[in-house]
Structures are given as structure tokens and as C-alpha cells.
Amino acid sequence: MSTVQPLSTPAQFTIKSPGNYIQQAGLVHQVGERIRPLVDHLRILTSPQAWRAVNPMLEESLNREGVRWQVEYLSGECTDATIARFRHNLLEQGAEGILAIGGGRVLDTAKAVNDAVGDRQLIALPTLAATCAAWSPLAITYNEEGGHLDSRALNAMPALILVDSEIITRADVRYLRSGIVDALAKWVEFDPWQRHNPHHLALEVKVLAARQAYNTFLHWGEEAIVANEQQQVTPALEKVIEANIVLAGLANSVRGELNTPGLAHVIHDTLTHQPELHDWLHGEKVGFSLLLQSLVEYGQPNAQLLYLLKLYRSPLRLPALEGDRAARIAQIAADIRFPQKSLNGLPFAVTVETLHRALLATEAQDFAE
Numbered sequence: 001m002s003t004v005q006p007l008s009t010p011a012q013f014t015i016k017s018p019g020n021y022i023q024q025a026g027l028v029h030q031v032g033e034r035i036r037p038l039v040d041h042l043r044i045l046t047s048p049q050a051w052r053a054v055n056p057m058l059e060e061s062l063n064r065e066g067v068r069w070q071v072e073y074l075s076g077e078c079t080d081a082t083i084a085r086f087r088h089n090l091l092e093q094g095a096e097g098i099l100a101i102g103g104g105r106v107l108d109t110a111k112a113v114n115d116a117v118g119d120r121q122l123i124a125l126p127t128l129a130a131t132c133a134a135w136s137p138l139a140i141t142y143n144e145e146g147g148h149l150d151s152r153a154l155n156a157m158p159a160l161i162l163v164d165s166e167i168i169t170r171a172d173v174r175y176l177r178s179g180i181v182d183a184l185a186k187w188v189e190f191d192p193w194q195r196h197n198p199h200h201l202a203l204e205v206k207v208l209a210a211r212q213a214y215n216t217f218l219h220w221g222e223e224a225i226v227a228n229e230q231q232q233v234t235p236a237l238e239k240v241i242e243a244n245i246v247l248a249g250l251a252n253s254v255r256g257e258l259n260t261p262g263l264a265h266v267i268h269d270t271l272t273h274q275p276e277l278h279d280w281l282h283g284e285k286v287g288f289s290l291l292l293q294s295l296v297e298y299g300q301p302n303a304q305l306l307y308l309l310k311l312y313r314s315p316l317r318l319p320a321l322e323g324d325r326a327a328r329i330a331q332i333a334a335d336i337r338f339p340q341k342s343l344n345g346l347p348f349a350v351t352v353e354t355l356h357r358a359l360l361a362t363e364a365q366d367f368a369e
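Okay, so the sequence shown: first residue is 1 according to UniProt numbering, each after it adds one.
Please note that a few of the clues may not be correct.
Unchecked claim - Result set (SDA-like, lysine to any residue): computed pairs, CA atoms no more than 25 Å apart in a straight line:
1) K341 <-> T351
2) K239 <-> D191
3) K16 <-> H148
4) K341 <-> L154
5) K310 <-> R174
6) K16 <-> D115
7) K310 <-> E222
8) K239 <-> H219
9) K239 <-> E223
10) K310 <-> A320
11) K239 <-> Q12
12) K239 <-> E229
13) K341 <-> V266
14) K16 <-> G345
15) K341 <-> L149
16) K239 <-> N20
17) K341 <-> Q12
18) K310 <-> Q300
19) K239 <-> I15
20) K341 <-> R357
21) K310 <-> V173
22) K239 <-> Y21
23) K16 <-> E297
24) K16 <-> Q300
25) K16 <-> R174
26) K310 <-> P235
27) K341 <-> P198
28) K341 <-> L138
29) K16 <-> K341
30) K239 <-> Q30
31) K16 <-> R211
32) K310 <-> V226
33) K341 <-> N259
34) K310 <-> L360
Hints in this document: simulated from the structure, not taken from any laboratory.
Work the whole structure out from these sequences, hints included.
Encoded structure:
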């Protein structure tokens with residue numbers, strides 16, 4: 001009689017998700033009626049550009065439903081000081097909920113405050129599909145210069161995510177390209193973990209969601225870019241927005257017994273401290289970091305990954321750097337801090353030497369050709 005051998009590692013994981021996710025063209029006209037069952041008194045955090053993108057439709061919708069609101073603008077990074085200021089203003093106003101309208105900096109600030117306060121309702125309205133920040137259970141904090149400081153795990157998730165695909169298609173197509181690269185990174189980063197650590201259910205779920213996003217870009221990515229350029233909402237654009245926010249966010253939301261940091265995002269965090277890269281979007285830094293990960297893992301770029309990075313116009317070489325270029329590149333390699341406790345979880349070596357060789361390879365070869 002045969003017996004089933006138990007796995008060495010018990011299957012256990014958690015998934016953090018929003019209370020509800022709604023994606024629809026023209027949704028901004030319905031914000032008031034969607035929010036009113038949750039709260040009737042809001043503090044809105046946004047940026048001047050994002051506020052212009054949703055108005056006058058959003059104001060009209062809130063006022064029509066009798067929702068009281070007060071707006072605050074975020075002008076800089078998601079810093080500890082910014083989080084503290086918005087928290088103070090929220091409590092002083094006495095608002096029952098937060099409406100975050102904008103990109104990653106606005107959404108992360110609002111998520112951090114919502115998590116700290118603990119008894120409010122957060123509604124996220126991303127105006128860009130440039131990251132999975134609306135869904136991701138993390139708040140990324142930076143210094144005033146835009147250098148990464150911390151990625152804070154959150155307990156509280158948005159009660160509601162509202163995605164208006166018409167608003168997103170009016171944004172510069174560079175943001176959608178950047179979001180595609182940031183989302184496809186999830187599969188490139190998590191797949192090596194699963195290959196080296198089979199029989200972990202959490203990793204399987206992460207990789208399944210990440211691979212679905214990756215496949216979405218293979219089939220629909222180019223059409224979505226054209227739709228964005230023409231400011232048209234199409235099935236391809238809707239699918240890519242879903243992949244950028246939902247599938248990437250879901251992959252990022254699964255937590256199991258293994259800590260599985262993505263190498264490209266760890267490299268990205270160091271790149272944020274380079275002043276010459278401050279005009280690169282998040283996904284653009286991640287794209288260059290994916291090229292480095294591929295060079296560390298294989299000694300040369302994965303052909304399909306390189307094709308996608310070129311397709312979505314990811315930078316493939318560092319820009320001009322102040323001072324001695326060779327010394328700056330060596331220092332960047334030395335500053336990348338992949339968690340020591342996770343080093344053995346990957347099927348390739350992550351060292352200062354392998355990272356430095358990868359950076360030098362981007363200098364020696366023009367991968368953009």
C-alpha cells in the first residue's frame with residue numbers, strides 16, 4: 001500500500017486584497033455614488049496634475065451625492081514628514097475616509113496614513129497605470145531627494161479601488177510603458193525563486209499571477225500602447241491596465257513562509273539614490289534592473305526579456321554620471337543590498353562582483369541595437 005509523503009514545508013500563505021475593485025471607462029462620473037455608502041466626509045489627497053485630470057467630473061459627482069470633502073495637494077515625495085503632515089490634517093478635519101487620486105507617491109502616502117490611523121476608509125483612484133501601487137500592500141517611502149528609504153508592509157488595504165480607463169488613456173503613454181515593465185518584472189523576479197524552491201504554494205500563486213500579467217503583455221501590450229497614444233479605450237488597453245494594477249498587485253500581495261525579494265527591485269532601490277536617474281520613472285529603473293538581473297543570472301540577456309525592454313523603451317544603459325564613471329559604477333554595485341538571509345533562495349549568486357560585471361556589460365555592449 002503506497003503512502004503519500006508530506007511536503008517538507010507546510011502550505012501556508014496570506015493574500016491581502018482591497019475590499020472591492022472596479023474598472024470602467026467613465027467611472028469618474030460615478031465616484032460620489034460609489035463612495036457614499038462607505039463615507040460621507042472625505043479628505044482628498046492628490047496632485048495638481050491628477051486633480052485636473054479628474055475634474056470637473058469628480059467634484060460634480062461628489063457634490064451631487066452630498067459627500068463633504070476637502071482637498072490637499074502632494075507636491076513632493078512620499079516621505080515620513082509628508083505622511084505625518086497628511087495624518088495630522090486628516091485627524092484635524094475629522095474626515096471618515098481618504099480619497100487618494102494620482103500616481104504612486106499619492107497612493108503610498110495615503111496608504112501609509114490609512115494604515116497608521118486604522119479606523120478610516122481608503123478609496124484609491126489611480127490616474128496612471130504606471131505601477132501596482134493602488135493594490136500593493138506596501139507603502140514605499142523616500143527621502144526628499146527621491147532616494148528609497150523603506151518598503152513598509154501594511155495591514156490595512158483600500159476599501160475600494162476605482163479605475164477609470166478613460167482617465168488613464170489620457171495620460172502620457174510613457175507611464176503605461178513604465179507600468180508594463182514594472183508588472184512584467186514580477187514574473188522575471190519570482191520565477192527563479194519558484195524554480196529553486198518547489199512545493200511552496202505561495203510561490204506558485206505569485207508566479208501564476210505574475211505569468212498571467214506577462215502573457216497579457218505578449219498578446220496585448222503593443223495594441224494597448226497604440227490605444228493610449230490615440231487616447232482610445234480598447235479591450236487591449238483594459239487588459240493591460242488590469243495586468244499592471246490587479247495581476248501585478250496580486251503577485252505582490254501573496255506572502256508565504258519564504259521571504260522572496262525581487263532582485264530587480266532591490267537594484268532599483270539603489271538606483272533611486274543616483275541624482276542622474278531622478279527623471280527615470282519607477283518602471284524605467286526597474287527595466288534597467290531587469291537587464292542587470294538577467295546578466296547576473298545568465299551572463300547575457302534573456303532574448304525575450306530584451307525584446308520586451310526595447311519594445312517598451314526601457315533604458316538599457318546608465319546616463320552620463322558626474323565624476324569618474326568607472327568609480328561611480330563600482331560604487332553602485334557595492335551599494336546594492338540584497339538581503340543576506342535570502343541569498344540562498346535563488347539559483348544564482350548575487351554578489352558585488354556579479355553585479356559589477358553586469359553593470360560593466362551594459363557599458364561594453366549596446367543592447368539597444
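To see whether the hints hold, each was checked on the structure:
no., hint, in the structure
1, K341 <-> T351, "holds (13 Å)"
2, K239 <-> D191, "holds (22 Å)"
3, K16 <-> H148, "holds (23 Å)"
4, K341 <-> L154, "holds (22 Å)"
5, K310 <-> R174, "holds (13 Å)"
6, K16 <-> D115, "holds (13 Å)"
7, K310 <-> E222, "holds (12 Å)"
8, K239 <-> H219, "holds (10 Å)"
9, K239 <-> E223, "holds (10 Å)"
10, K310 <-> A320, "holds (20 Å)"
11, K239 <-> Q12, "violated (30 Å)"
12, K239 <-> E229, "holds (16 Å)"
13, K341 <-> V266, "holds (14 Å)"
14, K16 <-> G345, "holds (23 Å)"
15, K341 <-> L149, "holds (19 Å)"
16, K239 <-> N20, "holds (18 Å)"
17, K341 <-> Q12, "holds (20 Å)"
18, K310 <-> Q300, "holds (15 Å)"
19, K239 <-> I15, "holds (22 Å)"
20, K341 <-> R357, "holds (23 Å)"
21, K310 <-> V173, "holds (15 Å)"
22, K239 <-> Y21, "holds (14 Å)"
23, K16 <-> E297, "violated (30 Å)"
24, K16 <-> Q300, "violated (36 Å)"
25, K16 <-> R174, "violated (29 Å)"
26, K310 <-> P235, "holds (24 Å)"
27, K341 <-> P198, "holds (18 Å)"
28, K341 <-> L138, "holds (20 Å)"
29, K16 <-> K341, "holds (24 Å)"
30, K239 <-> Q30, "holds (21 Å)"
31, K16 <-> R211, "holds (19 Å)"
32, K310 <-> V226, "holds (16 Å)"
33, K341 <-> N259, "holds (9 Å)"
34, K310 <-> L360, "holds (19 Å)"
Consistency with the previously given hints fails for numbers 11, 23, 24, 25, ordered from lowest to highest.
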